[in-house]
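What follows is each chain in one-letter form.
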Amino acid sequence: MNWLVAAPILIPMATAALTGLAWRSVPLQRALTLAGMTALLLAAIALLLQVQHGRILVMQMGGWAAPFGITLVADMLTAIMVLVSALMALAVAVYSLGDIDPVRARTGFHPVFCALMVGVGGAFVTGDLFNMYVWFEVMLIGSFVLLALGGRKEQLDGAIKYACLNLVATAALLLAVALLYGVTGTLNMAELALRVRMVPNQGIVTTIAVLFIVAFGMKAAVFPLFFWLPAAYHTPAVAVQAIFAGLLTKVGVYALLRTFTLIFTGDTGWTHGGILMWIAGLTMLAGVLGSLAVRDLRRAWSWQVVAHIGYMIMGLALYTPLAVAGVVFYLVHDIVVKTNLFLGAGVVRRLGGSADYAGLGGLFKAAPLLAVLLFVPMASLAGFPPLSGFWSKLVLVQAGLEQQSWAIVAVALVTGLLTMALVGRVWAEVVWKPHPDGDIAGTAALPAGQRLALVAPLVLLSGITVAIGLYAQPVMDLSSRAAADLLSPEPYIRAILGEPPPPPVLVGELP
Amino acid sequence: MEIVLAFTVGALVAGSVYLLLSRNLLRLLFGVILLSNAVNLSIFLVGGLTFGAPPLIAEGRSVLEAPYANPLPQALILTAIVIGFGLLAFSLVLVYRGHQEIGTLDGDALRLAEPPETPAAGGGATAIPTQDRSAA
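For the protein sequence lines, the chains are A and B, in the order given.
Here the first sequence stands for residues 1 to 511, where the numbers follow the numbering used here.
Here the second sequence stands for residues 1 to 136, where the numbers follow the numbering used here.
If you're looking for bench data, these hints aren't it; they were derived computationally from the structure.
Every residue, glycine too, gets a C-beta built ideally from N, C-alpha and C.
Treat the hints loosely; a few may be bogus.
Said to hold, decoys possible - Chain B is faced by these chain A residues, among others (derived, beta-carbon under 8 Å):
id	residue
1	102
2	105
3	140
4	141
5	144
6	156
7	165
8	167
9	174
10	182
11	231
12	232
13	474
14	476
15	477
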């Protein structure tokens, strides 16, 4: 029994409850959120230290033995994801001090933000498939509220599309979980890994696997299921955009990574090498072309969220130790960079008065240091060495070349090139071009407290991107260990089901 | 009995797909209701159907003995119904609010967040010429 495993759920949940109790006092809510997210970060660091030597922490909810109750489990991948998401939550909580207007703060931004983090943390630590569905729903309802909070017309427009499409995805996920339960009689992911191999009709397992690709793929915004994302992500408050772009789709990628290395490994030629490979290539191309087609900074970044999901799916599709390590590395890099890009776009909009390229410009003249700060995530996005984006792309391309998957490597490189074109365009439009209204005020024009709240997260996240770039080896080591654990799941299964693993007799066999 | 339920689920899904394809947002939400009910029924179905056998341990025994009803699907369905109800209530209010603010229930008319590109929209000095800039 190790309570640290439950911390990614308990800490945000307690924070959400406390901020809810402090409904009348916005300053108190802010302080509680900051304290809660700091505590979450500390717990995440402690969790990573616990699992770094290959230990797998398991906690059985309510003391029910493994296949019967709900299991919470933390291995290397979980710990990495919890740590990165806690960092983003803290950065966005700081940014929200300067960004969230009094109306949104009074109508519940802070409690719902913490509730969203409950769902994110829960999805990472759960070892039970139905429980994972529940955490996805917690995340979903939190994101609905955050998206609509403020109630501007564009927000309602985006939120309606987001809600409708995600409700269908939810039904698909629940159906997939139900069918898998029907053929195996269990929902515990470790036991599923054992039982799925014993199902006589492997064809139906593959069919269910494809349904899972649809369900988790819709959450991860892959081609052709991504249309809810560019419709909605640019509409809410900047802090909300940033946490959505950083975390929500990546939880979908995490779920795909977990289920398609642990459970659905029976027919990898079809599910991984076939469907996921095509999805990966088309997602990259669709996303990057979309980002070049729009003339609005926030919408361009929204499309880039889609494009870079493709890289992660590509690593999963290649399904070699190097490729899966590349996915983990890419997840870490992408979460930091996407959060940073949206936070940066928020500051740009605040200074320039527009998010449209036509209404922007003159940033280099007004705020040269800020421009340099924004260059870091943009360059990392395009994959300039020595930033984090370069190493993560390098690992994936290398894995692709080893597998002689020339086509997907070509698509990945073309996508990188087009991303570079986008970054050049944004740089020219936003930073170098003179502003249409003449000179604009720099960050010095903002009140001191607000300036600190808006810029400090950018400094932190850009610093992380540079640090990952310069010290890529430790991150790669962690990613490789996470990948090794994913690809040989016996210790994971043993840690959950006990030692030695009991022969999977059908206890509680269906009547 | 399984066959009857399976066809019921199929009919519900067919109806829901018909409604989901509608441009009217309210019909679309009704489609979502039907879909989630179809999924709930299929959870019930895959859990195995038994007649008149409670999921209770008989007096004097320590384990369940066949025949007994599988107690898990009802727990799963209950959870799914509660979650689905919450999401649906929120979505209905959202669509209603959208109708109040934007004044339409037509999904195709919702173009505020993604305005259609007009030739004049990109007017203004930019470093990179695009093909429809000439019209500005």
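- Task: Identify every previously stated hint that the structure contradicts and give their numbers, smallest first.
- Result: 1, 2, 7, 13, 14, 15
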